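J.: Going down the list, the protein sequences come from chains A and B.
Note that the UniProt record's numbering has the first sequence beginning at 1, numbered continuously upward.
Note that the UniProt record's numbering has the second sequence beginning at 1, numbered continuously upward.
Don't read these hints as lab results, they were simulated from the structure.
Reference listing, derived: stretches of chain A covered by chain B, where coverage requires no fewer than 3 residues with Cβ under 8 Å from a Cβ of chain B:
{"no.": "1", "region": "128 to 138"}
{"no.": "2", "region": "144 to 150"}
{"no.": "3", "region": "156 to 165"}
{"no.": "4", "region": "169 to 180"}
Short, incomplete list of chain B residues facing chain A, as computed with Cβ under 8 Å:
{"no.": "5", "residue": "I147"}
{"no.": "6", "residue": "L151"}
{"no.": "7", "residue": "T155"}
{"no.": "8", "residue": "L161"}
{"no.": "9", "residue": "L164"}
{"no.": "10", "residue": "I165"}
{"no.": "11", "residue": "P168"}
{"no.": "12", "residue": "V171"}
{"no.": "13", "residue": "P172"}
{"no.": "14", "residue": "F176"}
{"no.": "15", "residue": "S179"}
{"no.": "16", "residue": "L207"}
{"no.": "17", "residue": "A211"}
{"no.": "18", "residue": "A215"}
{"no.": "19", "residue": "V218"}
{"no.": "20", "residue": "Q219"}
Note that this is a predicted model, so its numbers are computed, not measured.
Just so you know, even glycine gets a beta-carbon here, dropped at the ideal spot from N, CA and C.
Below are the chains, spelled out letter by letter.
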Amino acid sequence: MQTLTQRLANPTRFMELSARLLPWISGAAAILLAYGLYLAFFASPADYQQGETVRIMYIHVPCAWLSMMIYGLIALSSFGLLVFRHPLADVSAKAAAPLGAAFTFLALLTGSLWGKPMWGTYWVWDARLTSVLILFFLYLGLMALRSALEDESAAAKLTAILALVGVTILPIIKFSVDWWNTLHQPSTDFTSTVDPSMRLPLLVMAIAFTLLFFAMHLKGMRNEILRRRVKALRTQAVAGRDRLAAQAANQGAAE
Amino acid sequence: MKSFWALLSRDVILAVREGGAIGTALGFFLVVVSLMPLGLGPDLNLLSRIAAGVLWIALLLAALLSLNRIFEADHEDGTLDVLATGPLPLELVTVAKSLAHWITTGIPLAIMAPVLGILLNLDLAAYPILVATTLAGTPAVSFLGAIGAALTMKTRRGGLLLALIVLPLYVPTLIFGISAVSAGAGPAGVGASFLILAAISLVAIVLGPLAAAAALRVQLQ
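Using the sequences and the accompanying hints, generate a full structural model.
T.: Take a look at the structure:
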């Protein structure tokens with residue numbers, strides 16, 4: 001009895017399955033996103049304190065959630081690559097890194113846009129902001145390391161090692177930033193309860209963004225697999241041409 | 001164990017006799033710290049308030065400069081391949097090399113730090129704590145740095161990439177190093193920050209060699 005991950009180890013089977021899944025995930029993401037945006041911008045009340053700016057939250061919170069989930073996914077894929085040598089693990093990690101960096105950047109950007117009217121400044125050295133910023137740096141490190149290495153299989157493994165180091169150190173970073181923050185300013189309490197009228201749009205948006213990510217991730221993985229196939233075919237073609245040329249040269253020498 | 005000590009003393013002797021290796025890091029440390037007052041103004045009150053932070057950041061940057069020395073030279077002349085086939089597991093090889101980096105960079109920088117503290121008008125009472133925290137914190141700098149050095153061993157523009165990879169990992173060391181020195185202002189005073197700093201170093205000593213050795217194995221195949 002093969003598990004799902006074992007069956008997906010065959011790229012062709014993965015391509016078939018993902019081709020069948022992708023329209024459904026993209027469709028669901030589009031519908032939920034439209035519904036969520038409608039709820040967020042028209043059907044939900046403005047906050048009694050924050051006014052209309054509270055609507056930024058419906059974009060900001062899903063991005064922040066994804067920024068962490070995607071790093072978790074990359075760490076899981078890296079583990080799958082290093083321990084089980086799953087052939088799709090690296091494809092998954094590679095496709096997820098830029099998406100994760102983009103969502104983290106969006107979380108920082110929307111947060112700072114919200115901060116301007118609320119806190120009076122675009123950037124505060126708040127504990128959460130700082131740890132998300134460092135998470136963003138970790139994503140950049142992953143992408144930079146991969147792009148700096150030419151050998152693809154070595155790049156895959158080295159990036160995986162870095163991702164696992166990052167996921168080990170992230171809790172320590174989070175802890176130390178929280179500690180540092182209490183040195184400088186009293187921590188802000190964000191954990192107050194969310195009103196039910198805002199909870200539904202937030203939930204819909206969170207699910208929509210997660211589906212959106214998975215749609216883009218699957219598409220990215222498919223592109224990566226196709227790119228690798230093209231590369232393999234090219235190498236084969238060049239090798240074949242060289243072999244033919246060598247044969248022709250040999251025949252010429254024999255005659 | 002014998003080969004471990006042999007490797008350690010070889011790396012230390014090489015760093016000492018090569019000339020420039022230790023001196024450059026110390027010189028860089030001195031120049032960065034003396035540029036700070038030029039950039040921030042000569043106000044002694046301000047300088048003494050930010051002295052701990054400036055010293056720690058300059059120390060991290062100075063140590064960063066010499067990180068690529070850990071593996072690069074030995075990889076280029078093939079020593080690393082010999083070490084990989086030798087009796088010592090690669091994990092211990094990286095322990096010896098990181099330790100040598102700490103002895104030749106971390107300790108000199110830690111000893112230099114109070115001297116530079118004078119330039120920044122650091123409170124005299126903070127001197128013993130400064131030396132203690134830099135000594136306790138710099139192992140984390142060397143052992144976490146070894147991960148970055150191993151990962152970027154074969155890349156061309158390794159130095160900048162190394163900084164991008166390693167500096168975020170130094171955040172906890174930096175925070176607790178500074179909070180121990182800045183006059184016990186922390187939530188639980190100097191003792192707690194110092195102990196956490198030591199704990200971070202211990203974690204780095206375990207984590208660094210494992211990750212660095214894995215990275216070396218990938219590249220030495």
